[in-house]
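K.L.:
The lines below spell out each chain.
2 protein chains.
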Amino acid sequence: MLEKSDLKLLMNSFPFWKQLTPEQKNHIEEKAFSKTYLKNTTLYNGDIECLGVILVKSGCLRVYMLSPDGREITLYRLYESDICVLSASCILQNITFDIYIDANTDCKTLQINSTDFGKIAHENAHVELFAYKTATDRFSKVMWAMEQILFMSFDQRLALFLIEEADHSNNYIIKATHEQIAKLIGSAREVVTRMLKYFSEEGFVRLSRGQIEIIDYQKLKNLTK
Amino acid sequence: MLEKSDLKLLMNSFPFWKQLTPEQKNHIEEKAFSKTYLKNTTLYNGDIECLGVILVKSGCLRVYMLSPDGREITLYRLYESDICVLSASCILQNITFDIYIDANTDCKTLQINSTDFGKIAHENAHVELFAYKTATDRFSKVMWAMEQILFMSFDQRLALFLIEEADHSNNYIIKATHEQIAKLIGSAREVVTRMLKYFSEEGFVRLSRGQIEIIDYQKLKNLTK
Numbered sequence: 007m008l009e010k011s012d013l014k015l016l017m018n019s020f021p022f023w024k025q026l027t028p029e030q031k032n033h034i035e036e037k038a039f040s041k042t043y044l045k046n047t048t049l050y051n052g053d054i055e056c057l058g059v060i061l062v063k064s065g066c067l068r069v070y071m072l073s074p075d076g077r078e079i080t081l082y083r084l085y086e087s088d089i090c091v092l093s094a095s096c097i098l099q100n101i102t103f104d105i106y107i108d109a110n111t112d113c114k115t116l117q118i119n120s121t122d123f124g125k126i127a128h129e130n131a132h133v134e135l136f137a138y139k140t141a142t143d144r145f146s147k148v149m150w151a152m153e154q155i156l157f158m159s160f161d162q163r164l165a166l167f168l169i170e171e172a173d174h175s176n177n178y179i180i181k182a183t184h185e186q187i188a189k190l191i192g193s194a195r196e197v198v199t200r201m202l203k204y205f206s207e208e209g210f211v212r213l214s215r216g217q218i219e220i221i222d223y224q225k226l227k228n229l230t231k
Numbered sequence: 007m008l009e010k011s012d013l014k015l016l017m018n019s020f021p022f023w024k025q026l027t028p029e030q031k032n033h034i035e036e037k038a039f040s041k042t043y044l045k046n047t048t049l050y051n052g053d054i055e056c057l058g059v060i061l062v063k064s065g066c067l068r069v070y071m072l073s074p075d076g077r078e079i080t081l082y083r084l085y086e087s088d089i090c091v092l093s094a095s096c097i098l099q100n101i102t103f104d105i106y107i108d109a110n111t112d113c114k115t116l117q118i119n120s121t122d123f124g125k126i127a128h129e130n131a132h133v134e135l136f137a138y139k140t141a142t143d144r145f146s147k148v149m150w151a152m153e154q155i156l157f158m159s160f161d162q163r164l165a166l167f168l169i170e171e172a173d174h175s176n177n178y179i180i181k182a183t184h185e186q187i188a189k190l191i192g193s194a195r196e197v198v199t200r201m202l203k204y205f206s207e208e209g210f211v212r213l214s215r216g217q218i219e220i221i222d223y224q225k226l227k228n229l230t231k
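So the protein lines, in turn, are chains A and U.
Quick note on numbering: the first sequence equals residues 7 to 231 in this note's numbering.
Quick note on numbering: the second sequence equals residues 7 to 231 in this note's numbering.
Hints should not be assumed to be uniformly reliable.
Because identical chains cannot be distinguished in the list, a pair is counted as satisfied if it fits within a single copy or across any two copies.
Said to hold, decoys possible - Dumping the calculated DSSO-like pairs for lysine-lysine here, alpha-carbon to alpha-carbon at most 30 Å:
1) Lys41 - Lys14
2) Lys63 - Lys125
3) Lys10 - Lys114
4) Lys125 - Lys231
5) Lys227 - Lys125
6) Lys227 - Lys41
7) Lys225 - Lys24
8) Lys41 - Lys231
9) Lys231 - Lys45
10) Lys147 - Lys125
11) Lys114 - Lys203
12) Lys31 - Lys10
No wet-lab data here; the hints were simulated from the structure.
The structure displayed is predicted, hence computed values, not measured ones.
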């Protein structure tokens with residue numbers, strides 16, 4: 007059975023909640039379950055059977071593509087109260103690509119498996135529409151990521167990454183190795199190391215083991231314009 | 007007023023046709039209009055006001071992204087009886103990116119402007135769902151294109167392009183300049199020229215002004231595997 011706070015989260019996060027029948031509400035309340043993922047766990051990949059709809063209770067999930075030779079391209083991240091439907095792609099007719107989802111931090115989620123969600127989506131057009139609208143929203147996020155990858159010069163991309171990390175965590179110290187940053191922004195470690203060295207020489211950042219400290223936020227931000 | 011063949015095309019192409027009210031059918035029949043675009047015309051870009059839903063009657067449209075410095079990345083193409091909804095992105099809540107659409111050949115289209123289509127989508131959930139489902143389908147196409155661009159080596163991409171062109175036109179002669187091919191596959195002319203020279207030396211293709219002839223289809227195809 008769901009905790010009261012989980013039920014409240016469901017009601018607030020699913021815009022179709024008021025358009026469910028009492029039976030459908032009961033069905034979701036009975037079938038939804040909580041889960042905890044440790045940092046760096048892979049929640050979802052092409053091999054794991056269609057997982058279902060994931061609602062993030064806390065932490066951060068990273069959604070990415072994986073190349074045949076193991077290169078990762080981050081598409082977007084999901085934070086508290088974000089919902090992932092691509093992990094239930096078996097109930098979306100037109101999704102034919104594979105994505106991967108990792109826990110970027112320790113995460114708590116609320117999940118509804120594909121069969122249960124699919125049943126309700128099949129019965130209730132509002133639920134089905136929600137799933138496709140959410141997928142379309144992710145489409146926009148992916149296009150944004152692709153524009154960064156394809157069109158921005160690398161100094162801009164790296165600067166933008168550092169600025170966004172700092173803004174998001176409200177902290178000028180970013181704890182990540184060059185290898186991790188390279189994965190997150192779809193580049194190679196050597197390229198990241200070289201550019202960070204340049205940023206450091208320019209006085210934008212201070213580098214130490216496993217972390218980057220932003221010491222001139224404004225100059226770094228100017229790079230991204 | 008629409009021609010009979012156009013009406014038939016509407017009925018066959020829009021899966022929601024049977025779920026429209028007689029008034030909604032009349033509205034679409036009255037408001038839909040035919041249009042002709044000459045090869046290389048730009049139908050749609052960030053500056054042109056939200057155009058509406060486009061149904062391809064004949065020819066080929068190319069949908070692409072444009073970088074700030076003018077580089078084009080082809081996302082997908084639309085052929086006879088394909089429908090474009092991203093050109094009506096103003097009626098889709100979650101589409102926040104700009105795409106561009108060119109006529110790749112002389113094209114005939116049937117169009118419904120955004121206001122008229124939006125009105126029906128607002129009234130009829132089947133129509134709204136169709137729009138989002140179609141957008142989700144294009145999401146898959148875009149992901150496919152991105153995988154090619156990000157993950158395939160360039161010889162594979164160019165070989166795949168030539169094979170697809172030949173298969174699609176049922177013709178081993180591909181009429182295109184290196185510049186045009188570079189645009190279509192999101193590369194630079196010099197890179198295309200160099201790789202085509204290699205293909206030609208390997209005996210896969212024969213090059214002449216403004217065209218590429220495939221002379222060893224199988225070997226070229228093997229490259230794409």
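K.L.:
Decide, hint by hint, whether the structure agrees.
P.N.:
The hints, checked one at a time:
When the C-alpha separation of lysine 41 and lysine 14 is checked against a cutoff of 30 Å, the pair qualifies only within one copy, where the shortest distance is 17 Å, while the shortest distance between copies is 51 Å. Proximity of lysine 63 to lysine 125 under the C-alpha cut-off of 30 Å is restricted to the intra-copy arrangement: shortest distance 23 Å within a copy versus 37 Å between copies. For a Cα distance limit of 30 Å, the shortest separation of lysine 10 from lysine 114 inside one copy, 15 Å, qualifies, whereas the shortest one across copies, 57 Å, does not. Taking the shortest Cα distances, lysine 125 and lysine 231 never come within 30 Å of each other, neither inside one copy (46 Å) nor across copies (38 Å).
When the C-alpha separation of lysine 227 and lysine 125 is checked against a cutoff of 30 Å, the pair qualifies neither within a copy, at 47 Å, nor between copies, at 42 Å. When the C-alpha separation of lysine 227 and lysine 41 is checked against a cutoff of 30 Å, the pair qualifies neither within a copy, at 37 Å, nor between copies, at 46 Å. For the identical chains of this complex, lysine 225 and lysine 24 are neighbours neither inside a copy (48 Å) nor across copies (59 Å), given an alpha-carbon limit of 30 Å. For the identical chains of this complex, lysine 41 and lysine 231 are neighbours neither inside a copy (40 Å) nor across copies (40 Å), given an alpha-carbon limit of 30 Å.
In this assembly of identical chains, lysine 231 and lysine 45 lie within 30 Å of each other by CA distance neither inside one copy nor across copies; the values are 32 Å within and 36 Å between. In this homomeric assembly, lysine 147 and lysine 125 come within 30 Å of each other (Cα to Cα) both inside a single copy, at 28 Å, and across copies, at 27 Å. In this assembly of identical chains, the alpha carbons of lysine 114 and lysine 203 never lie at most 30 Å apart, being 36 Å within a copy and 55 Å across copies at closest. Taking the shortest Cα distances, lysine 31 and lysine 10 sit within 30 Å of each other inside one copy (14 Å), while across copies they are farther apart (47 Å).
Checked against the numbered hints listed earlier, the structure breaks hints 4, 5, 6, 7, 8, 9 and 11; every other hint is satisfied.
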